[in-house]
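Colleague: The residues making up each chain are set out below.
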Amino acid sequence: MMLLTSFYSCKNEEDDIFDKSSAQRLEAVKKEYSSLLASSKNGWVMEYYYAADKVGYVMLVNFNTDGEAVVAANDALTNNVYQEAGGALWEVIADNGPVLTFNTYNDLLHRFSTPEDIPGTDKDEQGTGYEGDYEFIIVDAPQNATTIMLKGKKRGTYIRMTRMSEDIQWKDYFLQLKALNTLLFTGAPNPMKLKAGNDLYTVYDGGTGIFNIVIPNGDPITDVDNYPFLVLPDGIRFYKEFECANGDKVQEFKMAEDNSKLVSVENPNIWIEGPDPIAVFNEQIMLLKKYVVVDGEMDASTQAIYNRIKEACASKKVPLRQIYFTYSSQYECPRVIIQVSSTTASFLYKKEVTGNKMTLVYDKFDPSSANASVFYQNYDGVSDLINALSASFTLSANKCGLNYQTLKMTSDNGLSLGLKLTN
Amino acid sequence: MLLKMTNKKMNMKKYILTIWVVFITAGFFSSCSEDEFTDSIFDTTYHPLDRTSYSFPLDTFLIENYLTPYNLRYLYKMEDIGADMQYNLVPCKYEKGKDVATLAKYLWFDVYAKLAGQEFLKIYAPRILHIIGSPAYNASSGTMTLGEAAGGKKITFYRGNSIDPANLEDMNEKFFKTMHHEFAHILHQNIIYPTSFRTLSSGNYDPFGWQDRPDSLVLSLGFATPYGSSQITEDWVEVIANYIVKDQDTWDGMLNAATFDWEVVMVDKADYKENADKEPRYYRTYKKDVTAVGSSDTIQYEIFRKIVTRDEQGNVVYDADGKLSYVHNDAVDGRELLLKKLDLCRTWLIESFGIDLDQLRAEVQKRQYLTDEAGNFVKRNNKYVNRLMEPLHSGSSVTLMDSLRNDIDKFKELQKVK
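Note that the protein sequences, when read in sequence, are chains A and B.
Mapping of the first sequence onto this note's numbering: residues 1 to 423, in sequence order.
Mapping of the second sequence onto this note's numbering: residues 1 to 418, in sequence order.
Incorrect hints may have been included.
Unchecked claim - Label pairs and their computed distance ranges (CB to CB): (1) A/S22 - B/E95: 32 to 40 Å; (2) B/I63 - A/A38: 47 to 55 Å; (3) B/D50 - A/D167: 46 to 54 Å; (4) A/G218 - B/D50: 37 to 45 Å; (5) A/N80 - B/I123: 52 to 60 Å.
As the list claims (entries may be wrong) - Facing chain A, according to a computed beta carbon distance under 10 Å, are these residues of chain B, among others: (6) I81; (7) C92; (8) H328.
The set of hints was computed from the structure by calculation and includes no laboratory data.
No residue lacks a Cβ here, since even glycine has one placed at the ideal position from N, Cα and C.
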């Protein structure tokens with residue numbers, strides 16, 4: 001009986017799944033992750049979010065082998081000035097698993113965790129601050145990884161870190177971010193469109209750092225969800241995946257080489273592009289904004305006419321200020337205004353839009369403009385330009401297919417104008 | 001024959017028993033061999049500190065001045081698991097951690113070691129000092145916790161990132177006083193304060209509204225600070241801590257303020273006079289202002305003021321010299337009470353720990369404030385001078401604080417040695 005008993009009690013012991021104890025494995029992985037973090041000589045790009053539904057911030061972090069962490073940032077909170085902060089410590093510790101901790105204070109990283117009031121908000125955040133994390137569970141860090149996934153210990157916010165290339169200075173990296181951000185969003189009057197097959201989602205408010213995405217044909221108030229994202233040197237990355245109606249999930253987009261659209265890395269058949277430029281043009285001028293003809297951005301023939309107008313103004317000792325498209329609320333039609341010094345002359349046009357073409361036909365002097373006939377008759381080049389603008393045009397983005405602050409107006413007969421939107 | 005058979009049976013029994021023992025023993029060893037103890041998973045050999053480490057200078061200083069003499073762990077790298085989870089907190093800066101380490105040694109540990117001996121600190125010093133960078137805000141009461149003492153073993157200091165050796169007044173108020181406050185807690189957690197202390201201010205404690213009590217008002221009730229008026233144990237340690245760090249002028253001013261009696265009254269806005277001629281000064285509490293019904297306009301202020309003689313209409317009645325006549329209306333002589341509490345503290349410290357409170361105070365203040373060659377405090381613009389920011393000696397560009405920091409930075413030299 002005793003024999004049976006002794007064999008019975010040992011028979012039910014399980015075989016070890018791992019060859020080492022959990023504590024040994026944890027110690028080993030701490031060393032492994034520490035080496036991995038310190039292995040990137042030029043540091044890591046940290047895509048930091050203090051909360052999953054708030055604006056993100058790009059920071060650069062170097063994990064020195066002596067335990068010092070150096071962090072850099074250039075964002076709205078640093079007044080868009082490059083800043084670097086060192087003298088703080090980092091460590092991989094054994095918490096409930098391997099945790100990357102910045103366990104002494106760093107001016108740039110811990111600004112999101114410090115429990116002080118946030119300036120410029122209506123609420124008093126003293127005692128909480130942004131409530132961001134400074135300790136991160138290491139979720140995924142393969143050997144020799146180029147990207148590491150972290151998860152904030154308290155907030156649970158996912159933070160991706162990407163190995164920095166060694167051939168770029170940190171300051172220049174942020175300049176690249178700003179350049180792309182400017183290209184995409186500065187002065188943009190238009191939303192964007194996320195095209196997934198036959199579905200077209202409207203993408204608003206990119207300039208805020210949080211896209212508001214409206215489902216196809218949806219209501220912009222009720223059928224909208226928000227997607228924080230970050231601008232990276234070669235594109236953008238959403239904080240969370242966007243799921244299309246057909247089940248495809250996209251998160252990261254790279255700018256096409258011709259700057260025409262942002263193409264999904266996960267599925268190249270899904271991209272973000274600008275909306276109909278003609279619709280945007282007309283929408284803006286009806287808001288009484290101005291699309292100004294940009295001197296130097298015209299075809300040769302039109303530029304020659306423009307130069308004649310400039311010379312005519314100069315000979316009369318009054319400078320040509322600008323020529324622009326806008327709208328006449330009184331006559332409910334587009335018009336071209338020539339501004340000479342503080343005087344303007346306004347010319348009315350009829351407009352017709354068919355498909356991707358907008359046809360403008362010069363109609364008459366704006367009756368409310370006393371100077372129109374004077375300019376038309378007495379300033380060399382004005383009549384030629386006014387009549388040359390009677391044409392059928394296509395409109396396209398000038399510098400970036402997603403930002404219609406600048407447009408290019410091209411007619412069938414070779415006339416082309418660069419336009420820039422102003423108030 | 002019978003005898004021979006009996007022996008055989010006995011041998012058989014022995015034989016069978018032996019077999020059982022063998023089986024059982026074999027069974028244990030063969031099937032349970034995984035339970036053998038292996039070497040420790042932790043490296044148990046002694047490792048000297050890593051000299052390539054960024055924090056080597058501070059870590060070495062801490063071993064030499066805290067761990068080795070007092071078995072005390074000074075935690076400047078924040079341990080989230082060891083922090084109070086009800087607060088949002090951030091770590092101390094490394095440089096501030098250095099400053100706290102060297103100042104705590106200079107103004108606390110070295111002082112007690114000098115007066116009470118290292119053995120005293122070995123027994124009573126906390127085992128853990130945890131320095132946190134941010135304040136610990138109490139949102140519900142609008143206050144912040146400056147420090148905590150737990151079970152006589154651990155002291156947590158908050159606001160480490162705010163420490164500024166050039167601002168001695170702020171450091172005294174927010175930090176050094178807290179050190180002595182928390183250490184006094186540890187001492188009374190080891191040896192209880194006299195029970196007679198419990199009855200001295202019975203009925204005047206306010207655990208929930210202490211933060212709304214003005215300083216002068218609580219002094220008149222015999223408390224060193226508003227926080228001291230929250231409960232008995234805080235009262236006890238606040239007397240000790242304030243007596244140690246407050247310079248003599250400030251302490252005398254506190255005792256003077258404690259002699260007056262105060263009242264809290266409502267006054268109409270039209271009658272409010274903050275500094276009216278020949279009236280005791282009004283201090284608004286900003287707590288219970290009354291607004292007109294249906295409006296946000298304030299019509300009455302809650303104020304407190306010193307009690308003076310008044311007629312039935314509430315107008316001030318002056319004495320024969322035309323001066324305000326102060327009235328002592330309540331049963332509490334704040335000054336006498338505060339001095340009585342202080343006396344109990346003195347007796348307790350000397351009898352329980354062999355520490356002379358006045359010597360302790362003198363030693364702390366001599367280290368904080370500049371003295372002349374005769375040992376008298378030096379004043380500039382009628383204020384005590386911060387010794388930490390003064391040159392070590394005439395003509396030197398090195399201040400005392402520089403010298404204290406160098407106690408840590410000197411270990412950088414070891415990092416250069418290969």
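Colleague: Is the hint on B/H328 kept, meaning its closest Cβ partner in chain A is under 10 Å away?
Modeller: violated (40 Å)
Colleague: Does the Cβ-Cβ separation between B/D50 and A/D167 fall within 46 to 54 Å?
Modeller: Since B/D50 and A/D167 have Cβ atoms about 31 Å apart, the given range 46 to 54 Å is violated.
Colleague: Confirm or reject the claim that A/G218 and B/D50 have a C-beta distance inside 37 to 45 Å.
Modeller: violated (59 Å)
Colleague: In this structure, is the beta-carbon distance linking B/I63 and A/A38 contained in 47 to 55 Å?
Modeller: violated (25 Å)
Colleague: Confirm or reject the claim that A/N80 and B/I123 have a C-beta distance inside 52 to 60 Å.
Modeller: holds (56 Å)
Colleague: Report holds or violated for the interface hint on B/I81, using the least CB-CB distance to chain A and a cut-off of 10 Å.
Modeller: Holds - the Cβ of B/I81 comes within 10 Å of chain A, reaching about 7 Å at its closest.
Colleague: Quick check: does the Cβ-Cβ distance between A/S22 and B/E95 fall within 32 to 40 Å?
Modeller: holds (37 Å)
Colleague: Under 10 Å, Cβ to Cβ, is where B/C92 needs to be relative to chain A, so tell me if that hint holds or is violated.
Modeller: holds (6 Å)
Comparing the model with each numbered hint stated earlier shows that hints 2, 3, 4, 8 do not hold.
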